[in-house]
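Enquirer: Chains Z and Y, in that order, give the protein sequences. If you count the first sequence from 1, position 15 lands on 15 in this note's numbering, and the numbers rise without skipping. If you count the second sequence from 1, position 79 lands on 79 in this note's numbering, and the numbers rise without skipping.
Hints are supplied without guarantee of correctness; some may be wrong.
Unchecked claim - Derived pair list, reagent style DSS-like, types lysine-lysine, alpha-carbon separation capped at 25 Å:
1) K5(Y) with K118(Z)
2) K26(Z) with K118(Z)
3) K234(Y) with K61(Y)
4) K26(Z) with K204(Y)
5) K204(Y) with K5(Y)
6) K118(Z) with K123(Y)
No lab work stands behind these hints, which were simulated from the structure alone.
Chain by chain, the residues run as shown.
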Amino acid sequence: MTVTTTSDPTSMALPSGRYSFLDLVKSEWTKVRTVRSTMWTIGVTIVLGIGISALVCAVTRAHWDSTNVESRLSFDAPATSLVGMFLAQFSVGVLGVLVMTAEYSTGTIRATFSAAPKRSRVFSAKVFVYGLLAFVVAEVTSFVSFFLGQFLLSAPATHATLASPGAFRAVFGGGLYVCVLGLIAMGLGTIIRHTAGAISAFVGILLILPIIVQALPNQLSLDIRRFLPDRIGASIITTNGGLNSAFSPWVGLMVLCIYAVALLVIGNSLLQRRDA
Amino acid sequence: MIEAKGLTKHYGPKRAVEQLSFTVRPGYVTGFLGPNGSGKSTTMRMIMGLDAPTAGDVTVKGRHFQESRWPLREVGALLEAKAIHPGRSARNHLKMLAETNHISLARVDELLDVVGLTSVAGKRAGKYSLGMGQRLGIAAALLGDPEVLLFDEPVNGLDPDGIRWVRNLLKGLAREGRTVFVSSHLMSEMSLTADEVVIIGKGKLISQISIEELLSQSTENFVRVRSPEAAKLKVALEQEGAVVALEDDGSLSVRGANEVAIGELAAKIPVVLHELAPQTASLEEAFMELTEDSIEFHGSTSSGPTNATGATS
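Let the hints inform the model, and build the full structure from the sequences given.
Expert: Pasting the structure below:
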């Protein structure tokens, strides 16, 4: 029988050391790049994210002559070219959810934990690989959107360069915002474990929660609004003066990071305690 | 070596596994037998550290599996067929597992060949049959060339050729000195593969016993006797303390006396014998007998071992 390479397992020496974080990172990278859902979500993020931005910029340029002076003066060129990021946040979020929930829906989670039973280490590798991927995809989308958008705006419309006030912050920060939202989605996926449930929760936080908060009494509504992810995102991308009832861009991003870390920590502790 | 001591798992009010203790030795194929829902898979998941025991403990080579330095190289497990992402190919599935334990890609290809999946290694696993899924699961279990192997219902979905292949594989692995623990709800399958069986019912240990012992212990072992003077022989045997049943076809089923004793008694009386045949219960019957009281899901047609042999007294 030629099933095994060693015929005497009692003399089989295990290599020294133990499975490392790097081994797990390699494995997670193989996992993420060998399923179609990754290609789809990344494709949608880049193509639609950039496409919507470009379209809005082109339309704005075409109607520039008929735009009144007031609107022209308050025109936010960087933010207009980043409008596609609001679409990108959903596809990046869906990928974040799937990275976790697909392991449960397919049952591969048991193969994963049988190969690497230290769950925290597996989870860290997962967060690392997904976080890096989401960061690169979001930043590429953001920067390409910006340059293409500004090219399409061109004279006589107001347009910006990265050196324009707030522009670099809006572009780089916009990418970071989408990446951190993706980690929030991943945290939700870890806690909820079901694809549909986690995606619903993620979309609910971005779209439904603001509507509910708006229905609250005026002052209370304004106090709460600043804590909502969508408001934080708007604040980061806006360059023509601060928004009402919003954190400043970097403070907002910090708040968002706190949400992400909290969800990932809760997800990790549940991962330790629950049966796989 | 796998050792379970007082292993217990409750899911809410449901007692899936209750005070289970057993030992799986290296060098043998140990079958893990029980009706559906008797706690076999739960026990296997606890061995692998996937489910935490409510009470008790289970160790592999004297340690908890979670502490393993090279888990895949120490313990290989096939827990469920088709626990594969349907969009990922067989090769990539094995690759991502191999990478966790620093196992080479050459080993992945070697195993694809061993389980006969090389030609479909690049195809998406969603298109695989149950049998192909089993083969992939077996490849994953063998990936790290581990000393301890667990297989949960490995022959499910395999064709006769595949079943024979698995049977030989398990025996071969045990012969190499490995610990092989394989679950099944089919006694007949185990009788061909296992040296020893751990039998459970409703989560509790019924018996850990070698296949030979199991057969000899069964109360379904009896001697069939035919004689033109059956009634006379029956009385004589009963005086000797044997339990004798007169069957519809006129034969006698004798328990509590072996063929030697019956033959000698017949010669002494004397009565003529037309048949004197010791009947050994099939392993299936021995198993049914042991688990009779602990079957979770009864079908509507009951066919216990007693009915099957027609040996009602």
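Enquirer: Hint by hint, note whether the structure agrees.
Expert: Here is how each hint holds up against the structure:
Taking the CA atoms of K5(Y) and K118(Z), the gap is about 23 Å. The hint holds against a cut of 25 Å. Of the pairs offered as hints, the one joining K26(Z) and K118(Z) holds, with about 16 Å between alpha carbons and a cut-off of 25 Å not exceeded. Between K234(Y) and K61(Y) the alpha-carbon distance is near 55 Å, which puts this suggested pair outside the 25 Å criterion. Annotation: proposed proximity of K26(Z) to K204(Y) is violated, straight-line Cα distance about 42 Å (limit 25 Å).
Note on K204(Y) and K5(Y): the hinted pairing holds, with a Cα-Cα distance of about 12 Å set against a maximum of 25 Å. Simply put, K118(Z) and K123(Y) have alpha-carbon atoms about 30 Å apart, too far for the 25 Å limit, and the pair is violated.
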